[in-house]
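A.B. asks: Generate coordinates for the entire structure from the input sequences, incorporating the hints supplied.
If you want the building blocks of each chain, they are given just below.
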Amino acid sequence: AQSVTQLDSQVPVFEEAPVELRCNYSSSVSVYLFWYVQYPNQGLQLLLKYLSGSTLVESINGFEAEFNKSQTSFHLRKPSVHISDTAEYFCAVSRKGSGNTGKLIFGQGTTLQVKP
Amino acid sequence: DAGVTQSPTHLIKTRGQQVTLRCSPKSGHDTVSWYQQALGQGPQFIFQYYEEEERQRGNFPDRFSGHQFPNYSSELNVNALLLGDSALYLCASSPGALAGDAGTGELFFGEGSRLTVL
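Protein sequence lines correspond, in order, to chains A and B.
Sequential numbering from 2 applies to the first sequence in my numbering.
Sequential numbering from 19 applies to the second sequence in my numbering.
Derived from the structure by calculation, the hints contain no laboratory data.
One or more hints might be untrue.
Quick list of in silico lysine-lysine cross-link-like pairs, BS3-like style, CA-CA up to 27 Å [said to hold, decoys possible]:
# : chain 1 : residue 1 : chain 2 : residue 2
1 : A       : K97       : A       : K70
2 : B       : K44       : A       : K50
3 : A       : K70       : A       : K50
4 : B       : K31       : A       : K97
5 : A       : K50       : A       : K97
C.D. replies: See the structure below:
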């Protein structure tokens, strides 16, 4: 079985400051890793994903995450946040190589609050 | 290209009633998964449908059932509603076997149906 722990429930930060949202996972098998973002009153949108290859993955809006297998972590970072980044962020894993799983295991979520 | 669409967006029911939620997957997707997101929590996997059959199921009671139609759309049914069933119900689709991209687990989510049980 897999599990995901997001270490911070809320992260307040000032605009243009850097931010890190922490995610640790537990799994006895290889996994794919994801970060999803949920804006108020909306569904989830994929922010970035790690499937294989380079352990550093980037999104189009400046976020990046690094897969660290030894520490079983997939922390999300952004060097300079904007007010529009205020949202709920979810880390998730799925079992690798299991076909049409559609079964993501999500963390509890981290609320990023960007203040002016 | 329409994304995942869900209906209704909001609904209110009373304890003991039954509810049906509907989902149309993104064009080209044949696999539909349902998630329950309680307030302040991450989404929890309910079940997944592929080729009109339930393929996987999470830790939810039999009161939760579903169906997938030949056009890949899906329904989630919940019987004998409890107060604790109040949540945002999310539908997610993925390309699956038809697109030759099975197994990555990347999902496309709808905006959800918010169910309130009084």
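A.B. asks: Give a verdict on every hint.
C.D. replies: Evaluation of the provided hints:
Between K97(A) and K70(A) the CA atoms are separated by roughly 14 Å; this keeps the pair inside 27 Å, and the hint holds. A C-alpha spacing of about 19 Å is found between K44(B) and K50(A), which places the hinted pair at or below 27 Å, so the restraint holds. For the suggested pair K70(A) and K50(A), the alpha carbons sit about 15 Å apart, so the restraint of at most 27 Å is met. For a cut-off of 27 Å, the pair hint linking K31(B) to K97(A) is broken: about 39 Å separates their Cα positions.
Distance hint between K50(A) and K97(A) is fulfilled; the C-alpha atoms sit about 13 Å from each other, no more than 27 Å.
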